[in-house]
Amino acid sequence: MQKLSNIIKTENGVTLTELMVALGLLSFVLGSIFALLRVGEVNWSISTQRMQARDEISRASFKLSADLRGAKKIEMGEGPLALADANSVVFHANADSDAEPERIRYYLDGDRLVRAVVQPSSATPPWTYTGQAEDWVVARHIGNGQANPLFKYFDAAGNQVTSLPASSAQLRTISQVTISPMSDADVNAMPPRLNIETRIFLRNTDKGQ
Numbered sequence: 001m002q003k004l005s006n007i008i009k010t011e012n013g014v015t016l017t018e019l020m021v022a023l024g025l026l027s028f029v030l031g032s033i034f035a036l037l038r039v040g041e042v043n044w045s046i047s048t049q050r051m052q053a054r055d056e057i058s059r060a061s062f063k064l065s066a067d068l069r070g071a072k073k074i075e076m077g078e079g080p081l082a083l084a085d086a087n088s089v090v091f092h093a094n095a096d097s098d099a100e101p102e103r104i105r106y107y108l109d110g111d112r113l114v115r116a117v118v119q120p121s122s123a124t125p126p127w128t129y130t131g132q133a134e135d136w137v138v139a140r141h142i143g144n145g146q147a148n149p150l151f152k153y154f155d156a157a158g159n160q161v162t163s164l165p166a167s168s169a170q171l172r173t174i175s176q177v178t179i180s181p182m183s184d185a186d187v188n189a190m191p192p193r194l195n196i197e198t199r200i201f202l203r204n205t206d207k208g209q
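Residue numbers (this note's numbering): 1 to 209.
Among the hints, a few may not be true.
To be verified - List time: in silico BS3-like cross-link candidates among lysine-lysine, alpha-carbon distance up to 27 Å: (1) 152 to 72; (2) 63 to 73; (3) 152 to 63; (4) 152 to 73.
Derived from the structure by calculation, the hints contain no laboratory data.
Please model the entire structure based on the sequences and the hints provided.
Structural data, given as structure tokens:
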């Protein structure tokens, strides 16, 4: 019996307890690695979504600003805007290479910012617009709504037009438009809502003439 006991004590190997401890440590290490990888994946996803949202609303703001700066009067005594509302604006501008002004409308359709263009039905003034609008989705995941209006309007003195949609008399006074698209693909998840604000000074206003 003494000889057998010596053999067991000197034999190389691990006990069941040592094996369980080793497996526990290995599980902890692997779990920590997977947790770090998951955190990195989530952070990368949030960063990517935020960059995509910024790029999208930046392009939308750039396009909208360029169109609004080209807004023109098509009738004497009128302002450059045909409609000014919280989440919709209508004006006339040259949207293509010809000389005739198109009727352009930007509006929110759910969480989409849409640009609708109507070609003039007449070849010379007075301009009429009876055709079908060509719609183009400028940006998605826009989270403005009524609580956070997409458009704000101001007169030459910087006074905000708060009664919307603006009346005909108010439309003639508007010389500045602030656009504030908010991008949020999921209000219940990261990344947080992103907002870019741009103020446009309309060129073809009474003050500028």
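Now for the hints, and whether the structure bears them out:
no.	hint	verdict
1	152 to 72	holds (19 Å)
2	63 to 73	holds (20 Å)
3	152 to 63	holds (17 Å)
4	152 to 73	holds (20 Å)
When held up to the earlier numbered hints, the structure conflicts with none and fits them all.
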